[in-house]
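Undergrad: Now for the letters of each chain:
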Amino acid sequence: MSATTFSIENNRTGRGEMSRAKLWHAYLTETKYECLRALRAPAFAIPFLLLPIVLYVLFGVFLAGSMSHGDPTVAKIMFVNWSVFGVMGPGMFGFGMFVASEREQGLLTLKRALPAPRGSYLLAKMIMATLFAAIVMVTLVAAAAAVGRPGLTLGQYIGVGLLDMAGSLPFCAVGLFIGTRASAKSAPAFANLAYLPFMHLGGLFYPLPRSVQPLEFISPAFYLDKLGLLFVGAPSLDQLAVGAAGPSSHVGPTMQVIVLAAVAFTFTALAIRRLARVG
Amino acid sequence: MNNESLAELSGVSKRYGKVVALDGMELQVRPAELLAVLGPNGAGKSTAISLMLGLQTPDAGTARLFSQSPLNLASRRHIGVMMQEVALPPELRVREHVDLVASYYPDPMTAEDALRLTRTLPLAARPYGKLSNGQKRQVQFAIAVVGRPKLLFLDEPTVGLDLAAREMMWSRLRELVRQGASIVLTTHYLEEAEALADRVVVLAKGHTIASGTVNQLRSLVGRKRITCETSLPPELVAAWPEVQTVIRDRARLHITASNSDAVVKRLAMADGNFLDLEVHRAGLAEAFTELTQAEPQSELTQEVAS
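Residue numbers (my numbering), protein chains in the order written: chain A, 2 to 280; chain B, 7 to 312.
Mixed in with the good hints, there may be bad ones.
[Stated by the list, open to error] BS3-like, lysine-lysine: derived pairs with alpha carbons at most 25 Å apart:
id: 1; chain 1: A; residue 1: Lys-23; chain 2: A; residue 2: Lys-33
id: 2; chain 1: B; residue 1: Lys-271; chain 2: B; residue 2: Lys-230
id: 3; chain 1: B; residue 1: Lys-24; chain 2: A; residue 2: Lys-33
id: 4; chain 1: B; residue 1: Lys-211; chain 2: B; residue 2: Lys-24
id: 5; chain 1: A; residue 1: Lys-186; chain 2: B; residue 2: Lys-230
To be clear, the hints were calculated from the coordinates, so they are not data collected in a lab.
Chain B extracted, bound-state conformation:
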């Protein structure tokens, strides 16, 4: 089982008219991992997910779900789905929605258990149309898990959730992965990917431009963030060759730099009285920005996970 992909795209290309959405895409979802798929708008994330779900067919290459065609009903009985833009019928009550989707699966949990799991049991008797947007997302999460899926596709699951609800969902996702489920997550919140993902795939212009753990991706980007209190003018610091950006925030300078050691030395020489120095490794956000701004054919294309 461990070498097996639950879902995969191999050599997949897809175009919409003249627009190339995916170009020779390779993507595997492995057992018991949370895979975050990141990329700027138009990178091909939605297309990649749609192809794995069988909602579209590739122009070239193959999409497989549990080693079968995604159109095969039996393979789809192992997946749960939470889509970003879906309006469920407002007339049905929450329990009824979950109960309906449970009936699609061979061995589902009860609607009550799914609602309890997602902390939405108090909403069970409410009409879906009367819920807040955040509550609707939570109910959609219950719908995604009610079939005890081996693989969950979650498209922007925490949009519109308050902090407590987001924390709840994160902890449930971790629990699901611990139990052996795999999750494919697309998100615009990079801290979400940073907090949850075992592996991150970054797409741009229909290609995979990087793939690895969060730490591997961060280390792929040499930048560091330096902040300190100094009287040096930002224009002077910005002129140093190792410095990429400088922002002044009252007495503090926020510097991103490729070589932090060199910058700290220069700081010490130029202003011996600087205070409160902090040096951080770049976060996923910085890595993401740099990766997606780089050309796909750069050295970043290589797989760093292996």
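Same shape as in the complex, but just chain A:
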């Protein structure tokens, strides 16, 4: 044997118990490396970090601003709506694609065989997606303060930021569920199949025609958007278009929170069940 100081003796008598501090360390390490690798994957990081700010400035600030002649209400709506758009992507695609490909490549099987602490893999992924949501929100707030001018107080900026970070979790859960069921090749397609209707039915970009408005209720983006708009005291695009409260106002904020929490919980539970059984 070389000069390597290697011994398995230390673990010979142990019972395999981990102190709380070591368990925390394991969860933190998993999260740290999950975030690092996501940031190092430019194909993942760049679109989700740059796209929201670019689109917000182009469409939400310049286009909507010129069309509304600088109406501050429209500026508020645009900020809130594009914030919802910004946090949807990392959640749905970060989970959908990474989980599907890692499952297919045997990484999840290895983690199940190794003594990875329970839930550390999923928790790390969720924190990674929330971190991305936070970065997106920081860039959007900076753009809003610089050019969007929605006239929000610092408290409102922070409130919308925190709301949307938490609001990324239902999208994470849906993405995670897709990732546990779909192959690596089909996961992006399935994620898009949910992402695009969520986005468009959320009423984020244009007022929906009355005939389509009942479908708004299937989109988590719709509920998150409503909460954000309520927080900054602005109407939705639908309401702005008809000059009055549309059908969406029938759902109160408590129910909006419940729906978002239920989506997050249900899809996470389905995914955990699937991962524990199949890997």
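Starting from the known structure of chain A, arrange chain B on it as the hints suggest.
TA: Just chain B now, kept in the frame of chain A:
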């Protein structure tokens, strides 16, 4: 401790639809032994390992790891795993991968020590995705040992390694066993099992068909290899009752035979001028071929280790 199994399958059956992968399987991993699990494709090796690791649950019988359910996290903290088909995230650096897995264990060595042990320290700062396949296997070996496991599961660990790297891994495996660790090794390289294993288990069609030391398995198979230079035509030699196969390689004949003494006598009588005679006992490869071609209910089913 010495009578205790670190991992065991008792009366385990597992089927996938209509296909029976394991049928009443018995398998024990004892302390400080290197157990090679051999068998042709589809014999049930992977299923047996998966059940011991808790990746699947048996349809009948029980799988135990350190006397507990393999699903128990505390029992899995005593094991290290190296799987055959796994792609680790390419973005992370080698040290980071090892450091992450170290965090799963109560008393791991440092990532640097694990890398030093597996001679991969120079790769520490390299992104995993930039490594060659052989280097990836070595890093996976570092990941398997970083938790100071009492029991290592290694699935085809030396596939893709060059000779020096394979030698390194063999010497590390011997060292680990010397220190008291147990290793379960599946391999297609029979010379690997021959070089390393304290005990070999041969599976076929979901059964254990033989179990014992390499020497015991070889002696279970009566064949010997005879080579010599002779002018006798191979068809003539092949017709002798003790001879199983004959291959001519230029002037030499390679003969496998159940009774080498009788064949050598016949050779001497038929061609008094034969040269350069060599007689070898059958290797594990021949034993393996004969065992796995035999029916499971033959006399070979018996345990020869005891």
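Undergrad: Each hint: holds or not?
TA: How the hints compare with the structure:
1. At roughly 15 Å between alpha-carbon atoms, Lys-23/A and Lys-33/A fall within 25 Å of each other, so this suggested pair holds.
2. For a cut-off of 25 Å, the pair hint linking Lys-271/B to Lys-230/B stands: about 14 Å separates their Cα positions.
3. Simply put, Lys-24/B and Lys-33/A have alpha-carbon atoms about 44 Å apart, too far for the 25 Å limit, and the pair is violated.
4. Pair hint Lys-211/B plus Lys-24/B holds up; C-alpha atoms about 13 Å apart against a cutoff of 25 Å.
5. With a C-alpha separation of about 52 Å, the suggested pairing of Lys-186/A with Lys-230/B is violated against the 25 Å cut-off.
The structure does not agree with the numbered hints 3 and 5 stated previously, though it agrees with the rest.
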